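Residue numbers (numbering that gives the first Met the number 0), protein chains in the order written: chain A, 0 to 349; chain B, 0 to 515.
Simulated from the structure, these hints should not be mistaken for laboratory data.
Please read these numbers as outputs of a predicted model, since none were measured by experiment.
Glycine included, each C-beta is placed from N, C-alpha and C at the ideal position.
Do not rely on the hints blindly, as some may be mistaken.
[Stated by the list, open to error] With a Cα cut of at most 27 Å, we get these calculated DSSO-like pairs of lysine-lysine:
#1 B:K386 to A:K215
#2 A:K82 to B:K386
#3 B:K342 to A:K215
#4 B:K330 to B:K262
[Claimed, not checked] Anything over 10 Å on all C-beta distances counts as not near chain A; from chain B, calculated:
#5 E15
#6 D20
#7 G34
#8 G129
#9 A169
#10 K200
#11 I231
#12 D242
#13 G250
#14 A265
#15 S281
#16 G359
#17 L457
#18 A498
Listed here are the chains, written in short residue letters.
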Amino acid sequence: MIRLEPRERVPIWLAGIAPIVAIIVTLVLCSALILWAGEPVFQSYLLLVEGALGSKFAISETLSRATPLIFTGLAAAVAFRAKFWNIGAEGQFYFGALAVTWIGTGLFSLPPVLMIPILFLAGAVAGGALLYVPVVLKTRLNVDEVVTTLLLNFVVILLVSYLIEGPWKDPMSLGWPQAAPIIEQGELPKLLERTRLHLGFVVAIVAAIAVWFLMKLTVWGYEIRAVGFNAEGASFAGISINSTVIRTALISGGLAGMAGVSEVAGLKGYLTLDLSPGFGYAGIAVAMLAQLHPLGVIASAIFLSAIFIGADSMSRSSDVSSYIADVVTAVSLLLVLLSVMLVRFRVRWS
Amino acid sequence: MNQNLPTEDNSATLEEILKLDGITKRFGNLTANDGISLSLAVGEILAVLGENGAGKTTLMNIIFGHYVADEGSVEVRGQSLPPGSSEAAIKAGIGMVHQHFTLAENLTVLENIILGREPLFSIRQKLSAGRRKLRALSEQFGLDVQPDTLVGDLTVGQRQRVEILKALYADAQILILDEPTAVLTPQETENLFATLRSLVKKGMSAIIISHKLNEILRISDRIALLRRGKLIGVVDAKDADRDQLAEMMVGRKVTRPKTQSLKAGAAVLKLENVSTSGASSSEDLKNVNLSIHAHEICGVAGVAGNGQNSLADLICGIRAPSSGSIELMGKKLTRFDCRTVVKAGVGRIPEDRHAKGIIGEMAVWENLVSEDLRQPPFIRGAFLLDKSAGCDHAASTIERYDIRCPGPQAETRLLSGGNLQKLILARGLSRQPRLIIASQPSRGLDEGAIAYVHGQLLEARKHGAGILLISEDLDELLSLADRIAVIFRGQLREIPAEASHDIRQIGLMMSGQEAV
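Input sequences plus hints: build the corresponding full structure.
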């Protein structure tokens, strides 16, 4: 029989090495699927790594795909830290995208130095505003936020659908359901020539550092952590739970909204309904994989993005389906969570 | 010190029901149990005595199959138990009543008791049969509970009864009680002891884990002393003496702090006709009048669930009164929140250390500054937390209050119970509060830590603090308090000065009977 016993002291090397081992085990486990597809394991993984990191273009693709994941991952990491279960990053993402489309397609025009910050701000405000509804319902009426944030996703997506099929439809789009493009002053500059990597990546990194700073070194961060770890204890110490949760929600929603800004103004140039292949939900996986650590979010977002980009490329040049990326994501998430448990507990066989 | 004590257990003359042989359990470098051999006879109450961290709970967890011993064996009626199987332990007739109850609050008493005792796949719940058996058991042993009450609505004492019934329901022959009186009033303790005596008379056996010497001496037949994982000795309760046991348990002499008489000063707390609403009818305060003066300890005695929580919450700033007025240091309180109360000069020691007192996952320094978060020197600018100021403050506090921990950055949940309480005391008392509200400040602590807590409270009293001491431990109240009030169904009545140390009188008032 297997038994778990808590460890009194966790060695630092163990805590550091555990997620890496988890990733390696993930790749070993997933190689069974590659064998099943009839391809050589080592070469397939090599193709995957090459596709994700093998060239300047590959790296730029990986990083630009990681950009929205960093934002949504941070959104989940901040909210989950306070045990506020924001499952609505997808909706907040699109709300941010709506805000940037409304403001950035000719409402007014300013030089890029002003325009771009305003766009990000607008997206953040929109994302935060959307999450304000569930958080007020939670703090005032104790309505479960998992349900409200999740369901709001569908409301927002239907709203986007209505707008880009109707009033906001771009007359120049030859009938495609998409909004008008962002004006030139609002476009995020590319970081590398002839790639899709844009300024949004830098903003995401800065956001991650800012969130890390906020959580670690400010009173707000203290309060968010305190409320998440032990709401009753935090309240006894004089921390207002409701205002902390509301603050957390505004930050979380704002970060998810910025993801929408970054995708519209940086990558695609206009709003469509396929802007996000589930970035909001993937953000949860990113945050969990990073164990809610803001800087870890950068690494886990890049990791997951590399798996997807690499798997896409691998599936183009071999018989392994790109769906392997989903399997790798899922397995790595499970194994990293398992490794976290094994770091905290010791396994005994008897 | 104890040469004349047998270190070998030699009660084998009686019919033996449980036998431990050379139990050793290590956690990393720590040896929690070191070659412990013990036996339990039918109809016997064996006390396992030791300070926190002596290995009592580990030993019981091994018996009950929560842990697997590294060496040694557990035998029930000569049959050795498979290690690490609670199921086998339950089947062999071992029932455990945990210190932290293992009940689901959102289920009823009956549901909790039959939980896990029912077949997993069965269309019909055996509720009515369960109810009958429960009724029979509670009548037989005088354990009075309502089967259909939600466990969440029960008091601590009642929950313990449910735990015991749960063990009895599973046909336990050996009852293991982990710190059973830690949460009980004297009367409840008496009830529990009466229950235990009637249980062992009917052929059951019991092991009580405790560090409360007086109670142990009263209830048990034999006492096994543990210190740092080792069995120091087994003594017959009738030959044992309190001070000798205390010394053996702690390993050194424990000096209990003495009170000195002081003249009460100005009022620091005044409650006038205060009522609360929102809790259950017996927990809500009803027209409470109370004043506490500087240099004075006012004790509040009462059975759990009679309004102590409402009273403590009120003064801690968690709850607002529904009517009446509260004055702190002569000023009427208009805002009821924790921060206002702390600022007004109240030092708070909450009843539930883990849930309210600390945030276990955060560092020691973070917990020490939690009440002063937005005040210099811990804040820089508008919202930056000054970690180095916090750590400096923590380092000096740790030293001053002798908190045993690896350092300011250590995770707080790793501290032992006594050290946690020192941390909470340090946070509450280091600002020299003029009013201290202490709820069950020594609950679950060992002798050394209790002496420390009492010493700190008396020191604060000497320096001019008024103290409201809410406790279910009458010994504690009688030895510390200048005057005692009794709370019953939300009503607070002060004991007349001439009867203030009359236990019988206090006990009567605690059960709601008029003073004679």
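Going down the list of hints, with the structure as the test:
| no. | hint | result |
| --- | --- | --- |
| 1 | B:K386 to A:K215 | holds, 10 Å |
| 2 | A:K82 to B:K386 | holds, 24 Å |
| 3 | B:K342 to A:K215 | holds, 26 Å |
| 4 | B:K330 to B:K262 | holds, 22 Å |
| 5 | E15 | holds, 26 Å |
| 6 | D20 | holds, 18 Å |
| 7 | G34 | holds, 20 Å |
| 8 | G129 | holds, 30 Å |
| 9 | A169 | holds, 21 Å |
| 10 | K200 | holds, 37 Å |
| 11 | I231 | holds, 24 Å |
| 12 | D242 | holds, 33 Å |
| 13 | G250 | holds, 22 Å |
| 14 | A265 | holds, 26 Å |
| 15 | S281 | holds, 22 Å |
| 16 | G359 | violated, 7 Å |
| 17 | L457 | holds, 25 Å |
| 18 | A498 | holds, 35 Å |
Checked against the numbered hints listed earlier, the structure breaks hint 16 alone; every other hint is satisfied.
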